[in-house]
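J.: Take a look at the letters that make up each chain.
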Amino acid sequence: MLIWFLPVFLLLLMIGLPVFFGLLAAPGILLWLNGQERDITLLYRNVYNGMDSFPLMAIPFFMLAGELMNKGGITLRLVEFSQALMGHLRGGLAHVNVLSSMLFAGLSGSAVADTSALGSMLIPAMEKQGYSRRFSAAITAASSVIGPIIPPSGIMIIYAYVMGESVAALFLAGIVPGILVGAGLMLVIKVMADRYDFPIATRKQTWGERGQASLKAFFPLLTPVIIMGGILLGIFTPTEAAAVAVAYALFIGLFVLRTLRVGEIPEVLSRAAATSAVVLLLVGAAMAFKTVVSLSHAPETLAAYILSLSDNPLILLFLINLLLFIVGMFLDAGPAIIILGPILGPIFTSLGVDPIHFAIIMSVNLTVGLATPPMGLVLFVASSVSGEKVESIARAILPFLAVEVLVIFLITYIPAISMTIPRLTGFAQ
Amino acid sequence: MGVLKAALWPLQKWNDLVLPIGRFLAVIAIAAMVVAILIQVFFRYVLNNALPWPDEAARFMMLWMTGLIAPDAYRRGGFVAIDMLERALARLAAALLSLFLLAISGLVLAMAVRIGWSEVTGFGGRFDTASLYLPLPDGWFRVPRSWMMASLLVGVTLLLIVNLELILRALLRLAGARNLPPLGRPEDELMAE
Amino acid sequence: EAHDAEFMLRATANSNENDEDYDGLVVFKNYVEQASNGRIGVEMFIGTQLCSNGAECMQGVADGSIDVYVSTSGGTSGIFPFVQVLDLPYLMADDRIAEEVLANDSAFTDTMQQMVRDGSGDAIRLMTIGNTGGWRNFANTKRRVETPSDLEGLKIRTVVADLPQELVKALGASPTPIPWPELFTSFQTGVVEGSKNGITDIMGMKFPDAGLQYVTLDGHAYMGALWFMNNARFMEMPEDLRRVVVDGFYQLQQATFASPKRKSIQAYQEFQDGGGDLYVPTPEQKEMFKEAAQPVYEWFQENVDGGAEAFEAMTAAVKTAEERIDASRANELQ
Ligand code: NA
Ligand code: NA
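Residue numbers (the working numbering), protein chains in the order written: chain D, 1 to 429; chain Y, 1 to 193; chain U, 1 to 334.
Hint data in this document are derived by calculation from the structure and do not stem from the laboratory. Be aware that a few hints might be false.
Said to hold, decoys possible - Computed Cβ-Cβ distance ranges for the label pairs, DEER-style:
#1 L96/Y x R242/U: 50 to 58 Å
#2 L6/D x E239/U: 40 to 48 Å
#3 N179/Y x G263/D: 29 to 37 Å
#4 Q113/U x L351/D: 40 to 48 Å
Just so you know, these numbers come straight off a predicted model, no measurement behind them. The beta carbon of each residue, even a glycine, is placed where N, CA and C say it ideally should be.
Looking at chain D on its own, in the form it has when it is part of the complex (with noise of 0.2 Å):
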């Protein structure tokens, strides 16, 4: 009877019961049929044991520097900064668009907040200089994955909170993949560049503007500095460097650059709150749905399903890429990771896939997802920053979504683009 939980949580998905609901719909409505009343109470007690979690804690506080560093005029160092290095390229705006969420992604860790901040300053900037709505907002959303990508990220948070490794080692293991889906973007764009005669928006920068640059942007770029600093050095947690990231960035807002107010942060509170509301909302949903399926055994039959497919690590690590890349589809990466890694991990690392690997693996793929419709979250901001329509963005994104599916199976066959930096600084064997 509980094997149906799947099907029925994606049917009222579709219809558009808020991922919240569903997530405790579903499997309610299936115990309440079974007559398993008493594990309705399961339900609803897990949603509160999955967010009371310390670790967690870190997604409201990246989310608050995040916003912080937004509103202290951080955000528009950092393009500027980016266009002081590339502006001069030929399709030089478009190229500034990834470096700056390449940039970004070191100070926030969120794919949609990255959409949102830069999308609002280089889609109307773009289009001003001749780029298409659609191909502005397509090269902002798909860049703005790398987000979670590069450290920290809230995604990686959630996968090491529910799998119970270690988040300092995934941050780190998240580096070179982030940069090398930055440079894949790049590529794209250059190509494209040549062939559609791109603008240029700058004239080269002399070493002296470049310098005057990258010192306004000094500061802000010192953020992943310290926060990676800080954890490598062990005066802080991962969880307590977000509180850090808060306090400096507020610090520099209102004392460095004074670009921010004090009136401005009950507002900047306020908005990081609900935004780490609903998240944790759904952390709990997806943890109360996880406990309920792992009482139908559900888990371990698809897990044996999965290893009869092939015992070939290579093969069954392509299927399960296909497999997440069409969850993505449909399901945030939060409640995705929540669900499935569980089931997933185990299986890998039996068959001698390293943890860490296999958590870069899934986390890049899943947020990927993140721009891919119908349930692709930044796609629907960048519509919503950009005025563009999310079907014409969804078509425009196609080419950037295939160099990102390519670094995917790259991370996936050569483990040490992941493990290196990890391995290096022993957090990984």
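We have chain D; now place chains Y and U with the ligands onto it with these hints.
T.: Just chains Y and U with the ligands now, with coordinates in the frame of chain D:
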């Protein structure tokens, strides 16, 4: 229609009044979380003397932040959903669908309120928190876990009230009512992931 | 699979399949299903699938959504603070004493069982007290600890519970609450410098890879595992099946007594092979540890609900056990 409007009025007033208070408290909670964790970093790293309470206090705040502000986010349409079907349907069909979806959400929330009450007042609520104390005139009072668990109960109760308001609005729209007062925009940056 | 059993018991342990808890449950399941001729079935949920800590799981046991659950004393101290008596350092000298004290017919276990029934309004039964992970020792990343003064200033990870924190403070170290999943990284980066764990947990979590290289076998606490069951569930069974369940828990207890002894051999071996420093304090040094920990006994009796009663029951049972074992030993030596 008159009956529906009469029923909507108190719900709307309640939500207009109470949700901003929740939002205000949630803002205090998230700020307090940051402060608690920074205090911990300072005491452990600088003074080499970790405190027992900041971790739990911050979790306490996080849970209350969630319970107090989620209803407002829900009212503004901030809960993630795929709305393609609803947008594709004709007005009447779309209204019926949205009513059906609200009914499911309402059922989930009603169950949650019922269970939440028995959870808070039951055995689990009688546990002590591990490290939270309040100073009372006659000594330190150990905060029970029920105070923390009440956050979700309050959250689902407020969500249920919002859901009732949304159901009445959907019914009114179905009955042809126009110009219902707007509910506020969702956060323009839903920075979920 | 015994899915058509009359009584399907849902049992959960928050550990993994390498843990003694799992060994115990496997023995329990096997015994109970066979001895009841299939009328009782046991469904195991290992890990945090159903609930992930003491408060959550005990809530499930109380309302019957979980039938059997095993917890350390730390996990249940929020509702039964007196169970922390098991964490009091240096009360029981060795396995032989501990197994005698924790046996189901000992005055100590009787007292604990009654206190659990009273404290839960008859919702929960304490079925038996086994072991999980042997004995708790001090381990750290910095230096060999021979006497309490070597612990001075070290940041020692403890759970967020009063007693372990009091103990660490009494020994001059600094108690630092770190969530279990963050502990590995915290050793690695130096956020904490030590912990109090059994060797199997230390090796299971690969802590030596994070720099935890010094273990002092002070054996300060026996890692008791408290096995709880929903009382209504137990009482609704006919008496013959209740007997099967009770005997099943006896089997389980014996299995968990034995399992860590066997498992720790390999764990110690691996620890030393990896360059770990294993130090066994002399009787004099152990006496110094005991001396330094004295304030904790008083603190426990004065500040913990039911602490005095539990402490008295424990010390009395230890005395009885020591006398019995001494007598028996003397007899055998003839
Ligand atoms: Na990031
Ligand atoms: Na971008």
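J.: The structure should be examined with respect to each hint, and the outcome stated for every one.
T.: Hint by hint, here is what the structure shows:
The hinted range of 50 to 58 Å is satisfied by L96/Y and R242/U, whose Cβ atoms lie roughly 55 Å apart. For the pair L6/D and E239/U, the supplied restraint of 40 to 48 Å holds, since their beta-carbon distance comes to about 43 Å. A C-beta distance of roughly 33 Å is found between N179/Y and G263/D, which places it inside the suggested range of 29 to 37 Å. Separation of Q113/U from L351/D is about 46 Å and conforms to the stated range, judged on CB atoms against 40 to 48 Å.
Checked against the numbered hints given earlier, the structure satisfies every one of them.
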